[in-house]
Amino acid sequence: MKKDIILAGVGGQGILSIAATIGLAAVESGLFLKQSEVHGMSQRGGDVQSHLRISDKEIASDLIPGGKADMIISVEPMEALRYLPMLSSEGWVITNTKPFINISNYPPINDVLAELDKVSNHISIDADQIANELGSAKSANMVILGAASPFLDIDFKILENAIRFLFKSKGEEVISKNIEALNAGRKFTENKI
Amino acid sequence: MFRFVSIQKIQTIKDINFMQKLLLLGDEAIAQAAIDAGLSGIYAYPGTPSTEITEYVQRSKEARAKNIHSTWSANEKTAAEAALGMSYAGKRTMVCMKHVGLNVAADPFVNSGVTGANGGIIYVIADDPSMHSSQNEQDSRFFGKFALIPILEPSTQQEAYDMVHYGFEMSEKYKTPVMMRITTRLAHSRAGVLRKEPKAQNEIKLPEDLRQFVLLPAIARKRYKLLLNNQELFENESENNFNTYFDGKDKSLGIIACGIAYNYLMECYPDRNIPYPVLKLNQYPMPRKMIQKLVNECDEILVLEDGFPLVEELVKGLLSVGLKVKGRLDGTVPRDGELNPNIVALSLGLVVTAGKNIPELVVGRPPSFCSGCPHADSYNALQDALKPYGAGRVFSDIGCYTLGALKPFEAINSCVDMGASITMAKGAADAGLVPAVAVIGDSTFTHSGMTGLLDAINNKSNITVVILDNGTTGMTGGQSSAAFGKIEDICKGLGVEESHIRVIKPLRNKHDENFKVFEEELAYNGVSVIIPRRECIVTLNKRMREKFSQKK
Chain A
1 MKKDIILAGV
11 GGQGILSIAA
21 TIGLAAVESG
31 LFLKQSEVHG
41 MSQRGGDVQS
51 HLRISDKEIA
61 SDLIPGGKAD
71 MIISVEPMEA
81 LRYLPMLSSE
91 GWVITNTKPF
101 INISNYPPIN
111 DVLAELDKVS
121 NHISIDADQI
131 ANELGSAKSA
141 NMVILGAASP
151 FLDIDFKILE
161 NAIRFLFKSK
171 GEEVISKNIE
181 ALNAGRKFTE
191 NKI
Chain B
194 MFRFVSIQKI
204 QTIKDINFMQ
214 KLLLLGDEAI
224 AQAAIDAGLS
234 GIYAYPGTPS
244 TEITEYVQRS
254 KEARAKNIHS
264 TWSANEKTAA
274 EAALGMSYAG
284 KRTMVCMKHV
294 GLNVAADPFV
304 NSGVTGANGG
314 IIYVIADDPS
324 MHSSQNEQDS
334 RFFGKFALIP
344 ILEPSTQQEA
354 YDMVHYGFEM
364 SEKYKTPVMM
374 RITTRLAHSR
384 AGVLRKEPKA
394 QNEIKLPEDL
404 RQFVLLPAIA
414 RKRYKLLLNN
424 QELFENESEN
434 NFNTYFDGKD
444 KSLGIIACGI
454 AYNYLMECYP
464 DRNIPYPVLK
474 LNQYPMPRKM
484 IQKLVNECDE
494 ILVLEDGFPL
504 VEELVKGLLS
514 VGLKVKGRLD
524 GTVPRDGELN
534 PNIVALSLGL
544 VVTAGKNIPE
554 LVVGRPPSFC
564 SGCPHADSYN
574 ALQDALKPYG
584 AGRVFSDIGC
594 YTLGALKPFE
604 AINSCVDMGA
614 SITMAKGAAD
624 AGLVPAVAVI
634 GDSTFTHSGM
644 TGLLDAINNK
654 SNITVVILDN
664 GTTGMTGGQS
674 SAAFGKIEDI
684 CKGLGVEESH
694 IRVIKPLRNK
704 HDENFKVFEE
714 ELAYNGVSVI
724 IPRRECIVTL
734 NKRMREKFSQ
744 KK
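Going down the list, the sequences are from chains A and B. Numbered continuously in the numbering used here, the first sequence closes out at residue 193. Numbered continuously in the numbering used here, the second sequence closes out at residue 745.
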């Protein structure tokens, strides 16, 4: 088993929480893990990405080779497109459709979504809307993780446990909201595939 | 720190070992290793990608219980000197900085090669090839070689952990400082790390020779000879520890893979069956015997190294006589930028798979000031006040405010090194470009700006120094600022006239009065200091969140 995942988004959108959740779940499942992050200059509202690799065999490189990623998980639609050169021909894109517009020349969102439709394997989900409906706007990132979960080959219960562990200090309410978001995302994908 | 194996799951020995495995960034692995190896003090100034080493020690309960010193230093030079003092006293110490920080600390760093160490001392230098968050991609291995001290360059987080233990032992065995060189990818990548049994700290113990650290020429000459004599011993260590020779059947090529480059090489062979002999290079001075063996056995040599072609140049020699060496110098590998698996695959003549191109509509998303950042208001007022003088007279520095170079502000004309804003403004004013303006942050000012300001005062230079005081070291994530609460006193003490030290509050609704202050001080013929003071919006939000959650 080997999953090479590109996580994408804009600084502050919570991709490192997604990475931490998958990472903890992978370790709990007895898998090897390497996860490279972006810190510093690149965080100030710029694009951020993380290479997350999990495998049942030891992993060599901290970086995923271009053209070989199994999936792109993105909390922002244009950011998903930015990493297409990393994706393998059979790879999946799981992305939020809600744009994060902090630049004046952001392309028309319908054109962005049309580009996503050209990717043969993709799940496009309005995670912000789903999170809002659940009454927890901040857990859009967990909706995305839920939508990606059927492709991860990690026991769903272990992912839930990872969220419990990760948000332990934030209290029971935050935990249950995030787990609800995770489940809503998963259901969305299960209905699609 | 994550320990994420539930007690119920532990059934076998394997699980118990697994439980001790921590999921750590390369930086964190180094910090944990130092704590476990009997560290007494860590010294640093924040700098990406090295910051998390010190932060980990600061957050560690273990480190607090062991009373390990971990407060930030004013700059890398003071950090290195304090560490050298701790080594003098016989205790184990670590100094951490980004590559350009070593330029600042070069004086103590190079001279500590000559003084040697007493308690173990490791310099951890984090290089940033591809300049993810830096102004150059200099390769610190040159500095280690220059100072004639051993260098360790880990490939993995686990090696980084293990090497810290070895590094301290080696430092005390040969009474020499040791350098560890890492790059951004290792610093900021997480993997499982297995810990060793923790060690106690050293007791205070003075150097046997109380003149060891007195580099008067007569003593320094003796110390230097000792350092030169040690080179052979260091090389012996390199032959027998972290460097590994793997044989291969196909001798048409021999590969030297340094540090993290070895990972990319392995990635190219999913079954881990590399046909060529490989020297995995993780320790310097270079192991001459191992390299000789590789050269003897193979027709050509390929050198894979992140950073500059240091090993390549040495193996190749100036005239490249009688040996074909491939790497960054002959174009087999790009001359600049960090390596990755596909670059390494291409250098081996392997086929790489390409994904789709980025669709044309995708546009760049450069970093920018946070919403509500005080720097934006400061630049707005400054730029309006500068209009009568024309563009091209603002010298700036290293920090969040460097983003003022980008649109929509395009407000600054230089960013060179820590503190250079003030001294470059002074030089430009000396040349007749008046008024010249320096824009520097509070933490950068106490890092390296104070001495430059003194020069300007002694010369009565016609410059306006803007010290953006957001109360923190913002760019690296909001570490404490050594300047906090001291800036006016420092300026007064250095000799700035009190009437020309102006504190303003950078807010949109105060634009007009701030503009006036800038206007007045730009017109003043002499050194004036304007201090726009408002807390960094990121640390403010963080503080408010913490306050709120405590109330709950």
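Read the hints as simulated data drawn from the structure, not as lab findings. Among these hints, one or two may not hold up.
No farther apart than 27 Å at their CA atoms in a straight line, the calculated lysine-lysine pairs in the DSSO-like style are these [what the hints assert, rightly or not]:
#1 B:Lys338 x B:Lys482
#2 B:Lys685 x A:Lys170
#3 B:Lys703 x B:Lys653
#4 B:Lys214 x A:Lys2
#5 B:Lys444 x A:Lys2
#6 A:Lys170 x B:Lys740
#7 B:Lys517 x A:Lys170
#8 A:Lys98 x B:Lys254
#9 A:Lys138 x B:Lys735
#10 B:Lys444 x B:Lys517
#11 B:Lys740 x A:Lys118
#12 B:Lys653 x A:Lys98
Covered by chain B, per the in silico footprint, the following chain A stretches (three or more residues, Cβ under 8 Å) [unchecked claim]:
#13 23–32
#14 66–73
#15 135–148
Just so you know, even glycine gets a beta-carbon here, dropped at the ideal spot from N, CA and C.
Hints versus structure:
1. B:Lys338 x B:Lys482: 18 Å, holds
2. B:Lys685 x A:Lys170: 46 Å, violated
3. B:Lys703 x B:Lys653: Distance ~30 Å between Lys703 of chain B and Lys653 of chain B Cα, so the pair is violated.
4. B:Lys214 x A:Lys2: Roughly 20 Å separates the two Cα atoms, so the pair holds.
5. B:Lys444 x A:Lys2: With Cα atoms ~32 Å apart, Lys444 of chain B and Lys2 of chain A exceed 27 Å; violated.
6. A:Lys170 x B:Lys740: Since the Cα atoms of Lys170 of chain A and Lys740 of chain B sit roughly 14 Å apart, the hinted pair holds (cutoff 27 Å).
7. B:Lys517 x A:Lys170: 60 Å, violated
8. A:Lys98 x B:Lys254: 41 Å, violated
9. A:Lys138 x B:Lys735: 16 Å, holds
10. B:Lys444 x B:Lys517: 13 Å, holds
11. B:Lys740 x A:Lys118: The hint is violated at about 47 Å.
12. B:Lys653 x A:Lys98: 56 Å, violated
13. 23–32: Holds: 6 residues of the stretch 23–32 of chain A have a Cβ under 8 Å from chain B.
14. 66–73: holds (count 4)
15. 135–148: Violated: only 0 residues of the stretch 135–148 of chain A have a Cβ under 8 Å from chain B.
Violated hints, listed in ascending order, are 2, 3, 5, 7, 8, 11, 12, 15; each of the other numbered hints is respected by the structure.
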